[in-house]
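Undergrad: Spelled out, the chains give:
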Amino acid sequence: SQELEQSPQSLIVQEGKNLTINCTSSKTLYGLYWYKQKYGEGLIFLMMLQKGGEEKSHEKITAKLDEKKQQSSLHITASQPSHAGIYLCGAAPGGTSYGKLTFGQGTILTVHP
Amino acid sequence: DVKVTQSSRYLVKRTGEKVFLECVQDMDHENMFWYRQDPGLGLRLIYFSYDVKMKEKGDIPEGYSVSREKKERFSLILESASTNQTSMYLCASSRQLAGAPRVFGPGTRLTVL
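Chains as they are written, first to last, in this note's numbering: chain A, -7 to 105; chain B, 31 to 143.
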């Protein structure tokens, strides 16, 4: 099965700072999804990446999939307290339904005002 | 606002009880999913459905069953609840071509005593 490793496990930053969260797989990623979760609530879909080298942005959040399609990074510019939460990456194992995502353990982000 | 709703935010049941978790979406999505989320284990897929009366096992289907009689409703059934099924349960949905879950419900925190 495909395993996803996220780093760091937790991150504490001061408001206004930039930060990066990584998601690494030992296998090729066929569809990489980023989600955000506020504590005790459901997930919010952020972005999906499919092609090697692909980069997408939404407001101050940018996600990129490397050329080898084994690592993705999520970068937040000028962080704000509203960015706080748990960020999870999910990926579909090659050759199987996209419905069967495997998730990373999540990165807990705290942003101090 | 489009959304996924779950019948309860918090639920307490006794060992051996039959438990129904209900999920309803109002977006006319074909795909619906049930996940459980546990500390240290992350998010794991229990079952998903890609059409009415269709279902497919996820990674941890043991001890669970599902029902999808109508497109908007996907029910998770614990036939005989056990303490190791104490968890946060998340329902999600997506359009057929989107594959992976796009909209999540707020979650049901189930405690089995």
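No lab work stands behind these hints, which were simulated from the structure alone. Be careful, since some hints might not be right.
Stated by the list, open to error - Mimicking SDA-like on lysine to any residue, the simulated pairs with C-alpha atoms at most 20 Å apart in a straight line are:
id, chain 1, residue 1, chain 2, residue 2
1, B, K85, B, E102
2, A, K19, B, E102
3, A, K28, B, L108
To be verified - Among the chain A residues that face chain B by a calculated CB cut under 8 Å, a handful are:
id, residue
4, Y22
5, F37
6, K92
The structure displayed is predicted, hence computed values, not measured ones. For every residue, glycine included, the Cβ atom is placed at its ideal position computed from N, Cα and C.
Undergrad: Determine for every hint whether it applies to the structure shown.
TA: Results for each hint:
The straight-line distance between the Cα atoms of K85 (chain B) and E102 (chain B) is roughly 14 Å, inside the 20 Å bound, and the hint therefore holds. Of the pairs offered as hints, the one joining K19 (chain A) and E102 (chain B) is violated, with about 35 Å between alpha carbons and a cut-off of 20 Å exceeded. Taking the CA atoms of K28 (chain A) and L108 (chain B), the gap is near 28 Å; set against the 20 Å cutoff, the hint is violated. Taking 8 Å as the C-beta cut-off, the interface hint given for Y22 (chain A) is violated, the closest approach to chain B being about 10 Å.
A least Cβ separation of about 5 Å between F37 (chain A) and chain B falls short of the 8 Å threshold, and the interface hint therefore holds. Against a cut-off of 8 Å between C-beta atoms, the interface hint on K92 (chain A) holds, since the closest Cβ of chain B lies about 6 Å away.
Going through the hint list in order, the structure does not satisfy hints 2, 3, 4.
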